[in-house]
Amino acid sequence: MAKLILSMDGLVLKEIPLVKERTTIGRKPHNDIQIDNLAVSGEHAVIVTIMNDSFLEDLGSTNGTMVNGGTVKKHFLQSNDVIELGKYKLKYIAEAGQPVGASAVDFEKTMVLRPSAMKAAAEQARAMATTAAAPDGTQPHSKPDLAEAARAAAAQHVASGAASAGTASKPEPPAAAAPSASQPPKAAQPLGAIQILSGSNAGKELELTKPLTTLGKPGTQVAVLTRRPQGYFITHVEGAQHPTVNGQSIGSAPHALKDHDVVEIAGVKMEFFLKS
Amino acid sequence: MDLSHILEIASSTDPGMVRSHNEDAVASDAAHGIAVLADGMGGYNAGEVASGMATTVITTELARELGKVQPYDIDPETGRPAAERLLREQILNANTSIYQASQSQPQYAGMGTTLVTCLFYDNRVMVAHLGDSRLYRLRGEQLEQLTRDHSLLQEQIDSGLLTAEQAKTAQHKNLVTRALGIDLGIEPEIHEHSCKAGDIYLLCSDGLCDMVSDEDIGMALQALGANLALAAQQLVQMANDNGGRDNVSVILVRVLREYPAARGVMAKFFAWLK
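Protein chains in written order, with the working numbering: chain A, 1199 to 1474; chain B, 264 to 537.
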């Protein structure tokens, strides 16, 4: 559960968990977070929480809302963001990475959810929760979270049509565990390179930094060198003749390259080596 | 018109590195110019059932309908090519089948699937999609995403709530706003694009585009376009090497040459001579 830490002049006043879909901040008493200070507007800002994500929106306050020193109208809160309202500071702390065990993996399985069919989905969620219950007894965030997410989705203007069309949900575990798209190969992996041994480009060196590098003459013979976490591989792409590694034809299956292997593609010899 | 000499199709589907089973389904029919990819959702094995039903129903029924109607004929009611109506009808058909199965069988309750479907005809491709499965096109060196996801995330990006950068770290990537089989009233998004010889079309589930950047996808297609089967395997492998957190499926379709529909008697004769 994400939370806010309210402080003034470095003094922590309060810790506020973000339990509601909409948490309002303002000077008036009906706000979820009341800050009785004249620099704060009656209805100053709102935090909308959808599953594990929280969005801050300024409600047209007189003095504005600052996040990390900049004025914002709408802001997607990241952990450790500091929201400033006059002299008061609210630090946003995202939910600490939940244990990603078998439960989270099971939970990640896609499921359908719509406001108009909440009941069926709730049953589904319960079924999921039962199957996904972790051995240590921790429940994956189940029905309430999802139901709330759907309601939040329907409530949000951004989900135009979502309310009528229904929202299908394919929940994901916390992003902390999710690798960002297209992670480069691990830095620990040594960088490979090839040096051309024959032909007009003899002596030239090519570092294999990209996930894949093609070599050869298109239409005649092409091979690809792929950079994978396990190392470098060479695979035949096109042409009647297949590349050779240390004089042996590699066929059409991927072939793992070792340091100082000599590769021949389209009549050109080259040496593969690993840079330290 | 038999397109099996004009379209080269390769596909690959894999459960990924984390999931125990594969809820994605792929199907294609080069002769009729059909490619269908679905990413199922639902507890137990219901996701597979939904995606499997979608791909099977749409591929077989569409192929059958294409024997009766020419996809390029203009539909008198809508003024649009018949292909659009055929696609919509067969998607609604599949939707009804999945919905009824989910209503009648308790173990399938609430199942659904995303969908991306291509119908190639007359130098064109008609594309229908629901949810976050995508169609990309590589033309020359340019990789372009032709479909826009029906997802909460995409809507938040469109409304300016999130930037594309922030979206990469968002945690609700998988909230889709449209899907097949969860309701009787669905609205597939259908668009038509013109094809050129040499185009490569990529249909993929979110397991690919969440794990591999568009840049790397484009690079792989350009580098391995000559060997479509290898390119399909390479894309799946890249997703798995990056973590493979979801099922990964791809269908690649290459347009080998132009394929204008043979409309008149003479044109049909010349087409036959080819």
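In case anyone wonders, no lab produced these hints; they're calculated from the structure.
Some clues are possibly wrong.
Unchecked claim - Below, a list of computed lysine to aspartate or glutamate pairs in the EDC-like style, where the Cα atoms sit at most 16 Å apart:
(1) A:Lys1226 with A:Glu1241
(2) A:Lys1272 with B:Glu404
(3) A:Lys1408 with B:Glu478
(4) A:Lys1408 with B:Asp477
(5) A:Lys1271 with A:Glu1241
(6) A:Lys1408 with B:Asp421
(Q) Tell me the hint numbers this structure goes against, listed in increasing order. (A) 2 and 6
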